[in-house]
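Enquirer: Generate coordinates for the entire structure from the input sequences, incorporating the hints supplied.
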Amino acid sequence: MGSLQSKALQSRAHSRGDSSSDASSRGKRKASTAWYRIRHGNRAAKSPSDTCTPVMANRYGQHTELSPISKPKWLESHAQMTLDTEGRFRMMPSDADDAERTAANHYVYKYVMRGNHLAKLDNPKRILDVGVENGVWLQEIATKFPKAKAIGIDIQDQLDYNKMPSNVSFVLADLLASEGLPFKDGYFDYVHMRSMRCFLPDDKWPQAIEALFRVTKPGGQIELFESCFDFSVNAPEPTRFIEMCTDLMRFGGLEREAVQHLDLLLEMAGFTDVRREVIAIPVGDWGDVPGRLIEKSFTVCLDRLRTVVEQHPTIGLEEYDYLREYCFDRLDTLRAHSPLYIYTARRPVIKGRSTTVMSSGHSN
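First residue of the sequence shown? That's 1 in full-length UniProt numbering, and the numbers climb one at a time after it.
Treat the hints with caution; some may be incorrect.
Taking lysine-lysine and the DSS-like style, the derived pairs with C-alpha atoms no more than 30 Å apart in a straight line are [said to hold, decoys possible]:
{"no.": "1", "residue 1": "144", "residue 2": "163"}
{"no.": "2", "residue 1": "110", "residue 2": "217"}
{"no.": "3", "residue 1": "147", "residue 2": "351"}
{"no.": "4", "residue 1": "217", "residue 2": "204"}
{"no.": "5", "residue 1": "184", "residue 2": "163"}
{"no.": "6", "residue 1": "149", "residue 2": "110"}
{"no.": "7", "residue 1": "149", "residue 2": "184"}
{"no.": "8", "residue 1": "149", "residue 2": "217"}
{"no.": "9", "residue 1": "296", "residue 2": "204"}
{"no.": "10", "residue 1": "351", "residue 2": "149"}
{"no.": "11", "residue 1": "120", "residue 2": "147"}
{"no.": "12", "residue 1": "144", "residue 2": "120"}
{"no.": "13", "residue 1": "125", "residue 2": "147"}
{"no.": "14", "residue 1": "351", "residue 2": "217"}
Since the hints were made in silico from the structure, they are not lab data. Here the structure is a predicted model, which means the values were calculated and not measured.
Expert: Written out as structure tokens, the structure reads:
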């Protein structure tokens, strides 16, 4: 499987920074409305093109360009559908299937990145894992940094404490709780969050990022991981299937391509040194073992999405099932891939001025 690390389709990365404290402050105050405008087509003009060209390197070192991932086409309609007990939409419930999917994704991401993080960490003292689920990432990061205090948070406890190092702890907490996270300002050196796309409605992301900004130490880092699904071959069936999935997610309050723009939210919240990297992972047999694991993961997601089809006013099950079968029978020829979006950023240290946002009153 050694050649698969080079077969991961690694595209461009870019970084931006803003040393102005006033700009950071303005960003935090206007995050909610700005993010809403971005979702409806007014992406900031300063951002470079989001078209990235994945490149596959074969075992002989030759490279084959694939078709670019198309730029976002934001649409105006935005319906809401709430499914959980708090009245918030959740595309993927936390259950045994999701735990297995999360673990599989973890090992694939670790494989293509050659590690558990891209942020350059120098012996962090406190680490936060948001949406910890079964804790596979938390377990490994706590083992790597045995002197760090590694804390996982989630809305339910799924950890197997027999597998956890002694420096791991769990806190029952909701990222979107009105009272905020139960930690004091600037508590963590490193904040990690991944695969929350189907758990956070679009209009709640600014609140979530600002909550993470508050608990990140000045000079500390944040790292976000989110993924999507696409085809590089332009043909009617995969094009229609992606449009259908986009409409179904929008019906539930999610824009499928919003994960491509989390760097803007990080900047709005006040983070600097924002960096965005995309690794497009082949899906299916052409991606070998990692590709088959990702295929299985998306199969679970599409099974769940099918329940949304049953409630959608215009999309029918017959068309959905046909297009899904058509595309997944041709993952290799359609060059299916999963772009993994990785964002790293730092909370600024401003001499003589506080960079702390409103305190939640917690004092861990």
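Enquirer: If a hint holds in the structure, say so; if it does not, say that too.
Expert: Evaluated hints:
no.	hint	in the structure
1	144 / 163	holds (14 Å)
2	110 / 217	holds (26 Å)
3	147 / 351	holds (29 Å)
4	217 / 204	holds (22 Å)
5	184 / 163	holds (28 Å)
6	149 / 110	holds (22 Å)
7	149 / 184	holds (15 Å)
8	149 / 217	holds (14 Å)
9	296 / 204	holds (29 Å)
10	351 / 149	holds (27 Å)
11	120 / 147	holds (17 Å)
12	144 / 120	holds (13 Å)
13	125 / 147	holds (7 Å)
14	351 / 217	holds (14 Å)
The structure shown violates none of the earlier numbered hints.
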